[in-house]
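Same order as they appear, the protein sequences are chains A and B.
Mind the numbering: the first sequence is residues 11 to 170 in this note's numbering, read in order.
Mind the numbering: the second sequence is residues 490 to 626 in this note's numbering, read in order.
Simulated from the structure, these hints should not be mistaken for lab results.
In this text, all values refer to a predicted model and were calculated from it rather than measured experimentally.
Please note that a few of the clues may not be correct.
[To be verified] Distance condition first, Cα-Cα at most 30 Å in a straight line; then the derived BS3-like pairs of lysine-lysine:
| no. | chain 1 | residue 1 | chain 2 | residue 2 |
| --- | --- | --- | --- | --- |
| 1 | A | K144 | B | K524 |
| 2 | A | K92 | B | K524 |
| 3 | A | K144 | B | K577 |
| 4 | B | K577 | B | K552 |
[Said to hold, decoys possible] Reference listing, derived: stretches of chain B covered by chain A, where coverage requires no fewer than 3 residues with Cβ under 8 Å from a Cβ of chain A:
| no. | segment |
| --- | --- |
| 5 | 505-518 |
| 6 | 526-535 |
| 7 | 600-612 |
Backbone N, C-alpha and C define an ideal beta-carbon position, used for all residues, glycine too.
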Amino acid sequence: MTIAPTRVWPCVPIKAIVAFSDEAQSVNKLLRELHLQIMAPRMERFTAEIQSAALESASSSREVGAIPVSPLTSNYAIAFVKSLPFEIPDPEIAHEADGEISFDWFGAMGQIFSVSIDQTGRLAYAGRFEGGSKIHGTERFMDSCPQEIVHGVFRLTSPG
Amino acid sequence: VFSGSRAQDNEGATQSPYSLFSRFIFSERHFSQNKVKPPAFIHPSRRISVIAIDRLAVDEIWKVGDEVAGQSRGPSLARADITATAVKEIGLSIQMDPAPHPRHANICGCPVDKDEMKAVALELCARAQLFVRSTAH
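Assemble the whole structure, with the sequences as input and the hints as a guide.
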């Protein structure tokens with residue numbers, strides 16, 4: 011049986027596993043089904059939150075100069091949360107006044123890791139960790155969650 | 490800290506004589522019971538609208554916020570208070586913008602690049618103090 015992961019754990023979405031033998035394909039199918047069963051309620055909740063945030067961003071009560079979240083941005087945001095490894099804790103989801111969707115994670119000691127996605131699939135992230143360590147950068151969303159973002163979230167719970 | 494280009498905002502605007510400012514929050518998604526969230530400090534203009542609250546009583550602070558920020562948005566749900574010193578420590582400035590209200594100002598000098606803007610928003614969140622409005626307003 012040969013299973014060839016296309017990316018290194020923990021950023022390996024189940025759908026990215028390539029199976030060659032019959033046994034591997036069966037295992038792969040079972041894993042996909044298991045993944046969907048585990049992730050389905052989470053995805054439904056995330057999708058509803060993204061749609062609700064987008065709706066709120068378009069309301070008449072938005073800040074002067076604020077840009078509503080576009081359907082394209084919502085779609086990218088939904089695809090992005092679907093790409094998160096299930097080990098990652100749930101993000102807090104919000105719209106930003108520049109029309110992007112923000113995913114925020116908070117540590118117990120005031121640490122923050124925040125990611126925004128726009129209508130081109132550009133991910134902008136920044137982190138503020140224990141001990142004063144800080145990072146920021148941009149990545150392109152290409153169906154799987156970039157390692158920098160996975161590592162950023164895990165640093166909230168695993169200092170150093 | 491942030492090497493990207495900065496907006497040259499509010500050229501010629503008046504420097505602020507105040508020491509404490511409030512950013513009013515109108516979305517439940519932008520705060521929780523004990524923290525301000527980064528989206529509260531993001532705006533496409535890269536100018537973050539705030540109100541100087543020096544020497545104002547608590548009820549006056551909320552009232553001014555409703556008058557200015559809340560003209561078309563209904564009452565604010567919370568506010569993030571931040572000192573002028575903290576804003577300067579981050580490398581930003583505060584410029585008075587009294588057109589909508591004598592106490593209105595903008596936090597200026599935010600980076601152009603979004604990841605740098607997010608890093609600034611994280612710093613503002615870390616230094617801000619959240620006050621959630623009582624439901625009995």
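Tested hints:
Simply put, K144 of chain A and K524 of chain B have alpha-carbon atoms about 19 Å apart, close enough for the 30 Å limit, and the pair holds. Under the criterion of a C-alpha separation no larger than 30 Å, the hint pairing K92 of chain A with K524 of chain B is consistent with the structure, at around 26 Å. Distance hint between K144 of chain A and K577 of chain B is fulfilled; the C-alpha atoms sit about 18 Å from each other, no more than 30 Å. Our distance criterion of 30 Å between C-alpha atoms is met by K577 of chain B and K552 of chain B, whose separation comes to about 27 Å.
Counting residues of the segment 505-518 of chain B whose beta-carbon sits less than 8 Å from any beta-carbon of chain A gives 3, enough to reach three: the coverage restraint holds. Coverage of the segment 526-535 of chain B by chain A holds. Counting CB-CB distances below 8 Å, 7 residues qualify, and the rule asks for three or more. Coverage of a stretch by a chain is defined here by at least three residues with a beta carbon nearer than 8 Å to that chain's beta carbons; for the segment 600-612 of chain B and chain A the count is 10, and the condition holds.
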